Amino acid sequence: MAEQQQYRANLMVCAGTSCVSSESFKIKEVIEEELKKRELEKEIGVVLTGCSGLCAAGPVLTIYPDGIFYQKLKPEDIPYLVEEHLLKGRPVKRLMYKIPEKRAAIPTMMDIPFYKHQVLRVLRNKGLIDPEKIEEYIARDGYQAAAKALTQMTPEEIVKIVTDSGLRGRGGAGFPTGRKWELALKIEADEKYVVCNGDEGDPGAFMDRSVMEADPHAVIEGMIICAKATQSHHAYIYVRAEYPLAVKRLQIAIDQCYEAGLLGKDILGTGFDFDLDIYQGAGAFVCGEATALMRSIEGKRGMPRPKLWRSAVKGLWDKPTVLNNVETFANIPQIILNGADWYRSLGTVKSTGTKVFALTGAIRNVGLVEVPMDMTLRTIIYDIGGGMKKKGRKFKAVQLGGPSGGCIPEEFLDIPVTYEAIEKTGAIVGSGGMVAMDDSSCMVGVAKYFLDFTADESCGKCVPCRIGTRVMLDLLTDITEGRGKEGDIGTLEDLSHDIIATSLCGLGQSAPNPVLTTIRYFRDEYVSHIRDKWCRVGVCRDLATFYIDEKICKGCGICLKACPSKAIIGEKKKPHKIIQELCVHCRTCYEVCRFNTIKVLPAAARMANEAELMELAGQIEAWAGIEMEEVE
Amino acid sequence: MAENIKILVVDDEPIVIRSAKRILGAEGYDVEGASGGREAIIMMEKKNYDLVLTDLKMPEVDGITLMRWIRKSRPETGIVVITGYPSQETIKEALELGIIDYVPKPFTPAVLLDVTHRALEWMKGKIPEEEIPKEEFPPSMISELDRVIKEYKNKPGSTIPVLQRAQEIVGYLPPIIQKRIARGLNVSTADVHSIVSFYSFFSMKPRGEHIVKVCLGTACYVKGIEAVVTKLKAELKIEMGGITDDKRFSMESVRCLGACGLAPVMVIDQDTHGTLEPKKVAQILDEYRPVSKETT
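Chains as they are written, first to last, in the numbering used here: chain A, 1 to 632; chain B, 1 to 296.
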């Protein structure tokens with residue numbers, strides 16, 4: 001950091017996974033070349049940082065001290081950018097972030113709505129430090145909390161602060177962290193373990209990945225404090241095999257800590273010993289479950305065990321073990337430094353502090369966001385997320401909590417993202433995956449997707465989970481392929497309750513949630529799939545007939561070009577039509593049409609002639625309206 | 001049935017050799033005798049024996065020394081111990097050297113025959129150590145594997161890390177490699193196999209030079225990964241989990257790559273390819289094909 005302070009400007013190039021894949025390394029190279037050409041390399045520093053959050057706009061770059069934010073950079077933009085901004089002091093508007101409707105450039109990062117509404121605690125260092133340099137972490141108050149905990153605090157004091165902060169496990173279940181630590185502290189044992197769960201398996205979630213990649217030292221510091229609080233001397237970080245960059249950066253961070261005397265024997269001269277190892281997972285979703293994860297570290301099949309006792313009593317190798325999620329640990333140092341009251345100042349009484357969400361799906365600003373826990377879903381989706389990405393599409397549901405969670409419809413958008421409020425909707429906060437869906441999504445299809453996931457990932461130990469999810473999946477497959485029967489919805493609900501009641505671990509107990517919530521909020525879609533053999537958005541191929549509304553079609557020809565089976569005919573600027581016999585129901589035309597011209601009719605309409613089709617289309621639109629009301 | 005089976009009886013008491021020759025010779029075995037360890041080694045240097053019956057206490061070169069030499073130089077030879085007063089230590093040492101059985105002295109003809117028969121049966125059933133085909137697994141690869149196994153041996157919970165490293169070295173985990181790891185770590189083959197079959201990270205099938213991992217996460221699903229998969233299948237002419245005929249590509253599905261900002265996304269080797277569209281697929285794959293193929 002000392003070196004950097006001499007620079008008159010610093011370029012923070014994002015090197016999160018998203019930006020790296022859109023060539024941010026190349027961008028950095030070109031910047032360095034250009035700086036050299038203009039002999040600016042001694043005046044201006046270039047730093048590779050962890051994920052800065054706005055993944056949709058990558059590769060991104062922020063120039064400090066002004067905080068000017070540039071997005072979607074290409075190597076050929078760089079010479080101009082360096083010349084204009086760094087040499088002549090004229091920021092380049094063309095490369096700044098723009099709100100699509102307004103077209104006005106927003107120069108600084110903190111004015112961009114995506115960032116403006118966020119409160120950064122866990123992610124406070126994102127985009128500001130080089131995650132591979134311990135000095136930069138230390139310069140941002142790093143390891144001060146660990147030093148305080150090791151030298152000035154008793155284990156009981158640490159546990160008390162964490163308990164008072166109200167911090168709850170960020171992995172999904174929301175168990176109070178302080179209580180877990182207290183349990184582990186009170187138990188006498190010759191050995192205790194601290195384990196960090198970085199087996200982020202929920203599809204659609206990448207919070208832990210980003211924290212491990214952007215600020216690995218924060219996780220390690222949290223673990224050191226936990227070790228002191230529970231008097232443990234050995235720890236593991238369990239990281240998914242799919243996260244090679246996270247493993248690399250954690251390993252660098254751990255090596256630096258050993259060198260700096262922050263890990264190993266006699267940490268900071270306090271006489272406290274603490275060793276930390278990385279353990280790479282091997283691709284089994286169930287290993288995110290605490291007991292399965294510990295089995296996996298022991299080198300066995302990762303299968304859960306009955307929770308006759310808590311892990312804090314008997315965990316890894318039957319020793320007391322504190323297992324917390326990456327985000328939970330990353331919260332700890334700030335709590336120790338700023339106190340419990342500071343932490344409680346955000347959120348609600350029962351859900352304190354902030355939560356990191358991975359915001360993805362059919363939304364404009366895809367990325368990583370950290371918000372106070374009392375923020376509403378609406379603010380997150382519309383103000384931070386920027387609303388639906390595709391023009392003319394409306395919000396339909398947001399999926400929270402991955403395969404264990406559920407789909408929340410529009411009517412609940414004004415609830416806060418607290419553990420309690422989300423649970424009431426039938427979903428869970430979970431680890432923080434938040435997938436927004438627009439009105440072109442089929443909710444039966446979404447339920448099937450998640451069940452396909454859990455049925456495949458069930459470890460097989462409990463029959464209800466192994467076979468029950470399979471039977472439910474078969475039912476859903478039948479429904480989406482036109483073989484649905486009356487009574488299927490009831491069977492799905494019954495099976496769901498049985499699986500929830502009789503499974504051993506969280507995977508089985510929560511696997512039916514996506515089905516239950518979609519039945520609860522989108523029952524009409526199930527009904528139309530089963531009774532009318534009609535997927536109204538055309539996702540389920542066998543239950544859809546695509547038809548062009550000639551009254552609206554402007555004959556732009558986009559669908560005609562996009563159709564893979566050349567089933568669309570028509571002259572330019574005249575209404576097109578689909579030859580049903582040639583149509584393969586791939587839905588491409590529906591997706592590319594900008595005028596909402598493509599209508600979806602039940603499968604039966606494929607046999608109708610043109611006149612009948614028109615009539616049917618008119619009828620069904622009216623009918624659909626009535627039916628929706630009836631069901632509700 | 002006893003044709004061509006060569007047995008060497010080693011004992012410093014000539015009477016033992018004589019009676020063994022009489023009893024076993026009558027059954028058609030080809031029996032020879034040696035009066036001590038040294039003579040036995042000299043005889044075995046010249047000729048291969050299927051089974052050695054040896055006393056433990058002999059002057060000069062004793063039975064244990066002889067057995068150590070056999071294990072090292074003639075590992076395929078079976079050993080049965082004939083002994084009068086076995087002490088616990090010597091029997092323990094003999095067992096560690098992998099003896100098949102032992103005959104207490106004095107013995108009746110029936111006992112000697114029975115033990116010999118059973119020892120030979122046991123040897124027949126003994127699966128000779130599978131030769132690792134050199135073309136597929138070069139010795140340098142295997143010695144690297146053995147080095148890793150040695151590094152992790154005796155560390156608790158080391159099976160999964162060893163398998164991960166092994167897969168890096170070999171590319172996949174066929175049964176023969178699993179067996180070698182099991183033996184090296186001193187765990188059962190079943191244990192190793194149960195882990196390999198449980199975790200999706202491990203592959204028992206050979207993989208292509210380039211591994212295409214397609215993300216089937218929620219964000220990718222919502223953004224249409226299915227069309228990309230269809231295109232990939234058509235382009236590579238393989239199914240999910242398959243490998244191309246030229247072994248250049250194999251395709252696997254991954255639950256979530258955690259790069260949802262780029263959905264739909266796939267990873268080829270270490271490179272992430274995001275915001276995929278079916279029409280981009282062919283171009284991306286071309287990057288991994290040899291240049292000559294593009295020009296022809």
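These are calculated hints, taken from the structure and not from any lab test.
Do not take every clue at face value.
Said to hold, decoys possible - Taking lysine to aspartate or glutamate pairs in the DMTMM-like style, the calculated list, with each CA pair at most 25 Å apart, reads:
{"#": "1", "chain 1": "A", "residue 1": "Lys300", "chain 2": "B", "residue 2": "Asp191"}
{"#": "2", "chain 1": "B", "residue 1": "Lys231", "chain 2": "A", "residue 2": "Glu591"}
{"#": "3", "chain 1": "B", "residue 1": "Lys231", "chain 2": "A", "residue 2": "Asp190"}
{"#": "4", "chain 1": "B", "residue 1": "Lys231", "chain 2": "A", "residue 2": "Glu298"}
{"#": "5", "chain 1": "A", "residue 1": "Lys72", "chain 2": "B", "residue 2": "Glu168"}
{"#": "6", "chain 1": "A", "residue 1": "Lys319", "chain 2": "A", "residue 2": "Asp456"}
{"#": "7", "chain 1": "A", "residue 1": "Lys248", "chain 2": "B", "residue 2": "Glu168"}
{"#": "8", "chain 1": "A", "residue 1": "Lys248", "chain 2": "B", "residue 2": "Glu226"}
{"#": "9", "chain 1": "A", "residue 1": "Lys74", "chain 2": "B", "residue 2": "Glu287"}
{"#": "10", "chain 1": "B", "residue 1": "Lys280", "chain 2": "A", "residue 2": "Asp456"}
{"#": "11", "chain 1": "A", "residue 1": "Lys300", "chain 2": "B", "residue 2": "Glu277"}
{"#": "12", "chain 1": "B", "residue 1": "Lys213", "chain 2": "A", "residue 2": "Asp190"}
{"#": "13", "chain 1": "B", "residue 1": "Lys233", "chain 2": "A", "residue 2": "Asp190"}
{"#": "14", "chain 1": "A", "residue 1": "Lys561", "chain 2": "B", "residue 2": "Glu13"}
{"#": "15", "chain 1": "A", "residue 1": "Lys391", "chain 2": "B", "residue 2": "Asp271"}
A quick note: this is a predicted structure, and the numbers were derived from the prediction, not measured.
Cross-check of the supplied hints:
| no. | hint | verdict |
| --- | --- | --- |
| 1 | A:Lys300 - B:Asp191 | holds (8 Å) |
| 2 | B:Lys231 - A:Glu591 | holds (17 Å) |
| 3 | B:Lys231 - A:Asp190 | violated (57 Å) |
| 4 | B:Lys231 - A:Glu298 | violated (41 Å) |
| 5 | A:Lys72 - B:Glu168 | violated (35 Å) |
| 6 | A:Lys319 - A:Asp456 | violated (31 Å) |
| 7 | A:Lys248 - B:Glu168 | holds (16 Å) |
| 8 | A:Lys248 - B:Glu226 | violated (31 Å) |
| 9 | A:Lys74 - B:Glu287 | holds (20 Å) |
| 10 | B:Lys280 - A:Asp456 | violated (29 Å) |
| 11 | A:Lys300 - B:Glu277 | violated (40 Å) |
| 12 | B:Lys213 - A:Asp190 | violated (44 Å) |
| 13 | B:Lys233 - A:Asp190 | violated (55 Å) |
| 14 | A:Lys561 - B:Glu13 | violated (98 Å) |
| 15 | A:Lys391 - B:Asp271 | violated (31 Å) |
Of the numbered hints given earlier, the model fails hints 3, 4, 5, 6, 8, 10, 11, 12, 13, 14, 15; all others are met.
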